[in-house]
Amino acid sequence: MSGQPFATLDVRPILRAGGEPFGAIMKTVAELQPGEGLRLIATFEPVPLFKVLGAKGFTHEAHAIDGGDWEVLFTPAANAAPVAPPAAQAVDGRWPAPSAGLDNRGLLPPEPMVRILQALEGMKPGEVLEALNDREPLFLYPELEKRGHAIKTERQPEGYRLLIRLGAGRAE
Amino acid sequence: MTSIIGATLSRWTPAYFAAALAALVAAEALAVAGLAYPAAPLLAPWSLVAVHLVTIGWLSVLMLGALHQFLPVIAARPLASDRLALAALGLIEAGLAAMIAGFLALGGLGVPVALLPLGGSAVLAGFLCAAGNLGWTLRGTSPLPLPARFVVAALGFLALTALLGIGFGCAFAVPAPPDWLAALLAQGLALHLLAGIGGWFALTAVGVSYKLLPMFMLAEEERGRLGTSILWLMVGGLVLAWCAGLIAVLADGRGHLAAEAGEAIFAAGLTLYLWDIRLLFRQRLRRGLELNSITAAFSLAFLALVLAGLVAVRFVRGAEAVVAAPLLLLALLGWLSLLGLGQLYKIVPFMSWLERYAPRLGRGPVPRVQDLVSEGRARPWFAVFALGALACAAAATIGSAGAARIGAALLLVSTLAIARELMRARRESPSPAVPGAFPATLQQRRSLR
Chain A
1 MSGQPFATLD
11 VRPILRAGGE
21 PFGAIMKTVA
31 ELQPGEGLRL
41 IATFEPVPLF
51 KVLGAKGFTH
61 EAHAIDGGDW
71 EVLFTPAANA
81 APVAPPAAQA
91 VDGRWPAPSA
101 GLDNRGLLPP
111 EPMVRILQAL
121 EGMKPGEVLE
131 ALNDREPLFL
141 YPELEKRGHA
151 IKTERQPEGY
161 RLLIRLGAGR
171 AE
Chain B
1 MTSIIGATLS
11 RWTPAYFAAA
21 LAALVAAEAL
31 AVAGLAYPAA
41 PLLAPWSLVA
51 VHLVTIGWLS
61 VLMLGALHQF
71 LPVIAARPLA
81 SDRLALAALG
91 LIEAGLAAMI
101 AGFLALGGLG
111 VPVALLPLGG
121 SAVLAGFLCA
131 AGNLGWTLRG
141 TSPLPLPARF
151 VVAALGFLAL
161 TALLGIGFGC
171 AFAVPAPPDW
181 LAALLAQGLA
191 LHLLAGIGGW
201 FALTAVGVSY
211 KLLPMFMLAE
221 EERGRLGTSI
231 LWLMVGGLVL
241 AWCAGLIAVL
251 ADGRGHLAAE
261 AGEAIFAAGL
271 TLYLWDIRLL
281 FRQRLRRGLE
291 LNSITAAFSL
301 AFLALVLAGL
311 VAVRFVRGAE
321 AVVAAPLLLL
331 ALLGWLSLLG
341 LGQLYKIVPF
351 MSWLERYAPR
361 LGRGPVPRVQ
371 DLVSEGRARP
381 WFAVFALGAL
391 ACAAAATIGS
401 AGAARIGAAL
411 LLVSTLAIAR
421 ELMRARRESP
431 SPAVPGAFPA
441 TLQQRRSLR
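Chains as they are written, first to last, in my numbering: chain A, 1 to 172; chain B, 1 to 449.
One or more of the hints may lead you astray.
Unchecked claim - In silico DSS-like pairs for lysine-lysine, Cα to Cα no more than 30 angstroms straight-line:
| hint | chain 1 | residue 1 | chain 2 | residue 2 |
| --- | --- | --- | --- | --- |
| 1 | A | LYS146 | B | LYS346 |
| 2 | B | LYS211 | A | LYS51 |
| 3 | B | LYS211 | A | LYS124 |
| 4 | A | LYS51 | B | LYS346 |
As the list claims (entries may be wrong) - One side of the interface only, derived from the structure: several residues of chain B facing chain A at Cβ under 8 angstroms:
| hint | residue |
| --- | --- |
| 5 | ARG287 |
| 6 | GLY288 |
| 7 | ARG363 |
As the list claims (entries may be wrong) - Beyond 10 angstroms from chain A on every Cβ pair, some chain B residues (computed):
| hint | residue |
| --- | --- |
| 8 | ARG83 |
| 9 | ALA173 |
| 10 | ALA308 |
| 11 | GLY362 |
| 12 | GLU375 |
Since the hints were derived computationally from the structure, they do not count as laboratory data. Even glycine gets a Cβ: it sits at the ideal position worked out from N, Cα and C.
Required output: the full structure, derived from the provided sequences and hints.
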């Protein structure tokens with residue numbers, strides 16, 4: 001595709017140092033200009049990332065380059081509007097629209113649970129937190145119940161979408 | 001939208017794990033003392049004690065303990081009954097103790113040999129309690145995810161193995177066993193092993209690894225058609241091999257060819273599984289591997305070695321008699337025990353962390369799961385265990401009792417060291433590393449929109 005601007009991110013040094021490139025990738029994606037794509041260079045074909053970025057409206061094109069490394073071009077779908085959080089459309093009548101969102105995909109358990117509970121502590125009763133998880137956070141449910149929060153879970157193609165409404169009287 | 005109750009910690013799983021480790025240590029100590037295989041003959045009474053300490057006391061109890069935690073997570077519903085979980089453990093342990101006395105009675109201990117089938121029956125009752133409890137927990141979960149389908153098939157073979165074992169016990173204990181029971185005792189050992197190791201252990205290990213490995217390596221859990229084919233090849237091959245094998249025992253050798261075909265199909269399934277796990281490792285999103293995943297990779301290398309060995313002996317006349325038992329040893333220690341110890345090293349800290357820190361999350365600093373363990377301190381012991389497994393198998397092949405005792409000593413020392421690490425993970429209170437609150441909320445809104 002000619003004229004498509006790409007921001008380049010080479011995660012090979014992170015990978016070779018035994019590190020986790022996921023955070024750096026998501027940070028770069030978050031900072032992309034409208035219409036800008038991502039050129040990612042890695043030591044392997046990052047298959048799981050295709051799904052994660054696909055859910056954000058990117059198409060991908062991967063090819064092997066020298067030395068067994070891979071170059072992947074993530075292109076935003078043509079003229080695609082920024083992916084709106086599904087929350088905006090599908091919220092139950094009595095629940096307010098989410099006032100905060102967490103993308104927990106790509107995190108190792110129990111990190112998603114830690115982040116959700118931390119985020120909830122900074123919110124007000126009645127507010128709704130939206131989160132996207134790779135897995136259903138089964139160990140989170142009893143903890144939310146203890147704290148008096150309500151949760152709705154929905155399986156979606158890109159992961160589990162959680163809506164958590166803070167209870168009015170939070171148990172301490 | 002669905003609303004779900006969620007999973008809680010299985011109350012008795014830590015007790016299962018402690019009992020399992022104690023049995024492994026006891027079996028290893030018998031081998032170090034030179035009383036049990038591979039330092040003593042395979043069918044010596046103390047060897048039979050050690051073998052059943054490993055297969056029932058260690059591996060079965062370990063797997064059942066893990067399943068009591070693991071199936072509720074798959075089913076997204078609490079375990080059907082905590083009491084039944086405790087009853088199952090009590091029956092299995094009491095039954096195993098009686099079986100041990102029964103085996104020693106074969107060697108001249110002054111207790112009735114009838115303790116053997118009696119103990120075996122108690123063990124079977126314990127297995128059935130556990131299987132019923134687990135099955136009831138899965139009720140209505142449809143479609144069953146792949147790992148749970150492996151486990152359900154495995155539980156069927158567990159009951160079959162125990163039933164056959166009681167048959168052996170009866171054949172020993174009854175003064176004049178009927179002809180069919182005598183034939184079973186003489187030739188049925190292969191069926192007992194096939195159902196126990198191929199059915200119960202292998203299917204459970206495959207099923208549980210299909211859940212735990214993707215979870216802790218961030219790989220795709222959905223294994224698609226390949227995963228389903230592996231299930232059917234393994235289960236279909238086992239059923240064919242087992243039924244044909246039984247006919248061969250009861251009808252004088254007919255059905256041998258079908259039994260071999262079944263075994264080949266089963267082995268093909270396991271080989272495909274190894275291939276699929278290789279894919280899974282390659283597809284993982286998490287590049288740095290944690291100790292439990294590294295240990296799993298090594299344990300699966302042992303499985304590959306066992307499979308290659310089993311194929312190779314077919315082509316070498318007389319080899320089977322020499323290496324069949326060492327290969328079995330390699331499967332029990334190198335593949336299953338190493339896999340089990342490695343997964344324990346992940347599950348135990350994870351469970352203790354949830355138990356202790358979940359109520360405090362978000363309300364103040366808490367340690368991370370990985371702060372409860374020290375991989376650097378534990379890693380060498382897993383290597384020593386793997387070395388011990390290799391040494392025992394090698395010693396068994398060349399028939400050196402001295403080498404076998406050294407190998408067993410490596411196993412014993414490393415098991416004790418790993419057990420100490422697990423105990424530390426349950427007790428230690430490291431200083432908190434996670435800040436109490438960080439502005440993830442705002443930061444993340446941006447990446448979501």
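Q. Which of the listed hints are broken here?
A. As far as the earlier hints go, 3 and 11 are violated by this structure, in ascending order.
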